[in-house]
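Asks: Single-letter residue listing:
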Amino acid sequence: MNLSILFSIVKIIAVIAYLYGLFWVMGVKVKPITIKEKKVDLSLAVNSLGVIVAFGIIQLALTKFGGVQILNNFDSGLLYQACTMTMVALGLNLIYGFNGQFSLGKWGFYGIGAYAAADVTYRWTNGDSAGLVVLGIGVILAGVVIWAIGKFTSNLRRMPVLSSFTLYLIGVIAAGYVALMAGKVIAPLINPALGTNLIPGPLAQGIWLQVVFFLAVIFAGAFAAIVSFLFGLPVLSLGSDYFGIATLGFTIVIYTLMVNTDTLLPFPEMRGGRGMIGIPKLTTWFWAFFFMVLVIIIMRNILRSSHGRSIISVREDETAARSMGIDVAGTKLLSFVIGSFFAGLGGGVYAHYIGFLSPGAFDFLVGFNPLIIIVFGGLGSMTGTITASFGWIFFLEGLLREVLGKISPEAPSWRYVLYPLTLLVLMLVRPQGLLGTVEWGFLKRAVIPMRKEKADEGEKA
Amino acid sequence: MNTTNEKTPVLQVEGLNKYFGGLRAVNDFNIVIHEGDLAGLIGPNGAGKTTIFNQITGIYLPTSGTIKFYGINLVGFEPHEITRTGIGRTFQNIRLFNNLTVLDNVRIAFHAQCGYGLFDSISSSPKFDRRENEIVEQAQELLEIMKLSRFQNEIARNLPYGEQRRVEIARALACGPRLLLLDEPAAGMNPKEISQLMELIHFVREKFKLTVLLIEHQMRLVMGICEHITVVDFGEVIARGNPKEIQDNPKVVEAYLGKGA
Numbered sequence: 000m001n002l003s004i005l006f007s008i009v010k011i012i013a014v015i016a017y018l019y020g021l022f023w024v025m026g027v028k029v030k031p032i033t034i035k036e037k038k039v040d041l042s043l044a045v046n047s048l049g050v051i052v053a054f055g056i057i058q059l060a061l062t063k064f065g066g067v068q069i070l071n072n073f074d075s076g077l078l079y080q081a082c083t084m085t086m087v088a089l090g091l092n093l094i095y096g097f098n099g100q101f102s103l104g105k106w107g108f109y110g111i112g113a114y115a116a117a118d119v120t121y122r123w124t125n126g127d128s129a130g131l132v133v134l135g136i137g138v139i140l141a142g143v144v145i146w147a148i149g150k151f152t153s154n155l156r157r158m159p160v161l162s163s164f165t166l167y168l169i170g171v172i173a174a175g176y177v178a179l180m181a182g183k184v185i186a187p188l189i190n191p192a193l194g195t196n197l198i199p200g201p202l203a204q205g206i207w208l209q210v211v212f213f214l215a216v217i218f219a220g221a222f223a224a225i226v227s228f229l230f231g232l233p234v235l236s237l238g239s240d241y242f243g244i245a246t247l248g249f250t251i252v253i254y255t256l257m258v259n260t261d262t263l264l265p266f267p268e269m270r271g272g273r274g275m276i277g278i279p280k281l282t283t284w285f286w287a288f289f290f291m292v293l294v295i296i297i298m299r300n301i302l303r304s305s306h307g308r309s310i311i312s313v314r315e316d317e318t319a320a321r322s323m324g325i326d327v328a329g330t331k332l333l334s335f336v337i338g339s340f341f342a343g344l345g346g347g348v349y350a351h352y353i354g355f356l357s358p359g360a361f362d363f364l365v366g367f368n369p370l371i372i373i374v375f376g377g378l379g380s381m382t383g384t385i386t387a388s389f390g391w392i393f394f395l396e397g398l399l400r401e402v403l404g405k406i407s408p409e410a411p412s413w414r415y416v417l418y419p420l421t422l423l424v425l426m427l428v429r430p431q432g433l434l435g436t437v438e439w440g441f442l443k444r445a446v447i448p449m450r451k452e453k454a455d456e457g458e459k460a
Numbered sequence: 000m001n002t003t004n005e006k007t008p009v010l011q012v013e014g015l016n017k018y019f020g021g022l023r024a025v026n027d028f029n030i031v032i033h034e035g036d037l038a039g040l041i042g043p044n045g046a047g048k049t050t051i052f053n054q055i056t057g058i059y060l061p062t063s064g065t066i067k068f069y070g071i072n073l074v075g076f077e078p079h080e081i082t083r084t085g086i087g088r089t090f091q092n093i094r095l096f097n098n099l100t101v102l103d104n105v106r107i108a109f110h111a112q113c114g115y116g117l118f119d120s121i122s123s124s125p126k127f128d129r130r131e132n133e134i135v136e137q138a139q140e141l142l143e144i145m146k147l148s149r150f151q152n153e154i155a156r157n158l159p160y161g162e163q164r165r166v167e168i169a170r171a172l173a174c175g176p177r178l179l180l181l182d183e184p185a186a187g188m189n190p191k192e193i194s195q196l197m198e199l200i201h202f203v204r205e206k207f208k209l210t211v212l213l214i215e216h217q218m219r220l221v222m223g224i225c226e227h228i229t230v231v232d233f234g235e236v237i238a239r240g241n242p243k244e245i246q247d248n249p250k251v252v253e254a255y256l257g258k259g260a
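Each protein sequence line maps, in turn, to chains A and B. Under numbering that gives the first Met the number 0, the first residue of the first sequence is numbered 0, with each subsequent residue one higher. Under numbering that gives the first Met the number 0, the first residue of the second sequence is numbered 0, with each subsequent residue one higher.
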């Protein structure tokens, strides 16, 4: 066997082992120790330290030491792709696997996040701060407006979905308009500090650029979330399959808009179907890891809470959930919006890794990838989704491409024949997916032990 | 208004109608249930009993009529809002959250009272930890009352039938109801289980100070525990009264056994 192939296989196994270690260290519980007669719980400190170490291991492997680099640029690219895919797939699993609403729309929100974040940093590095200002103010205002309208309409009984949708739409458009106006005022104040593309000003380099990148990705995610809120509000009242078709339509709409960004939409820098170039490549392992862990922690914390249980109960039985006092429509919307937020974050990270956005990458056919991943990993299993995302990227883009590339230059195309076959076999052997609903380490939802002592007392009494 | 020590009415249903297209499922249905009552709703299959339940709990919107719960008209409320005003229910065909543990099934019903927001759960704030512990405590207490403690980490689907029924009742109680609607709680139970169920319903009513309305086919259960019985047939009330009166009512006998029986 060829040595480099062996090396690739070792890498995949190492990555899976690494993920397991990460989840374990994130969830490890330490016995509280006593310092000066005070009990101190060190679990959080140990967990944080573990995550930092987990980050450091890969960071070291990516660093060149005397000409030796364990993970080369190709591998680091795979890592970033795996991280973004994880975010999108987790978002989709939240809405499909946990909430039970079949959605094909996540890819559209991924695209929205990618383009929004890319536009912000592109403009920023070209001496225009309007992108960040408008997106930031718009997103925050729209969020506040949505919250306020939600408070207001919650007192009205059986309000038709379309009327509340109209209210929200007007509110969000007003917020967007205010943001545009604010951008016209504020942006010129910041612009002089940005310099130009060739001679960056003080705010367009170093730490400030990183801060802007962080804000751009967060705002892009929030923007995707707001769009998904407006889209999901009327559409989520459809039954599951119809909802899936509607979201498919949404992905196609977004794709068409992307092809026409310079003609239909006022964004000449996105260059329509030719693809957006010149996006600063700001995604480092730190950011990819940071956003992935952020998504994992948020999703896990939601799922173990009462909100998470209500999300899952809607999947199990809508009528019963309703009768248990759960707002089914609100729960569906919640999971859809959070899932889109994750997808938007993923898009932002992806755009700054690849540096070039073409609408072809956001075609709905490519959008089936996360769906395949979550079915492969197990619907309703976060661990399965994360493992499958990493496995998908490393196996399909890494190993298979390398192995087939040895045979002939054209052979890598055969991987699109091989992976459906793998999928077929898996579905026949294990229809519940690779991991079913099993969770590892940190992602395990707390299992509550039986209350033995109390039961015994009851018997005595 | 009334100076006598008459009990307050919990549920007042007046002129309730439900049409499914041309089919008249419920026709001018009236019922008044007072605080602490244990009322029964009986009738042959397809008489519209479950439809009445579904209208009270908001799953169907009544064609016309009013449903007042402690004086609040519930017509137009969403089902989850009705549950939050204090009506808990079980289902005729058991509707547990099948793939979740028994404890989770009960904990889900505490959602309306969870008392923390989304940001508390994302940041796992102290409030979240405290409330979660309390919810687990309360859920475990309920399971203990229902004698389900040893099943708490079992997947609901794997439980025996009788236990599944009890989980449903535990879940309904977790919603914190003042009125409990039981839809055929004894379906598929053997005589011994029915006796246990009767004790359980009595016990739960005393313990949680509940008003209970139940639909049942098992005459032994209905006649054994219900204080007031309403009989419906083809969506109409054909008789009301205490068990003795119902048993002797010729109309009821006719509805169940046919004419000339």
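Since the hints were derived computationally from the structure, they do not count as laboratory data. Check the hints yourself; a few may be wrong.
[Unchecked claim] Just so you have them, the derived chain A footprint on chain B, three or more residues with Cβ under 8 Å:
1. 95 to 107
2. 114 to 128
[Claimed, not checked] Quick list of in silico lysine-lysine cross-link-like pairs, BS3-like style, CA-CA up to 27 Å:
3. K28/A x K38/A
4. K126/B x K150/A
5. K150/A x K67/B
6. K38/A x K126/B
7. K28/A x K443/A
8. K28/A x K206/B
9. K443/A x K126/B
10. K191/B x K206/B
11. K146/B x K208/B
These numbers come from a predicted model, not from an experiment. For glycine and all other residues, C-beta sits at the position ideal for the given N, C-alpha and C.
Asks: Confirm or reject each hint.
Replies: So, going through the hints one by one against the coordinates:
no. : hint            : verdict
1   : 95 to 107       : holds (count 9)
2   : 114 to 128      : holds (count 8)
3   : K28/A x K38/A   : holds (14 Å)
4   : K126/B x K150/A : holds (23 Å)
5   : K150/A x K67/B  : holds (26 Å)
6   : K38/A x K126/B  : holds (20 Å)
7   : K28/A x K443/A  : holds (13 Å)
8   : K28/A x K206/B  : violated (39 Å)
9   : K443/A x K126/B : holds (21 Å)
10  : K191/B x K206/B : holds (23 Å)
11  : K146/B x K208/B : holds (19 Å)
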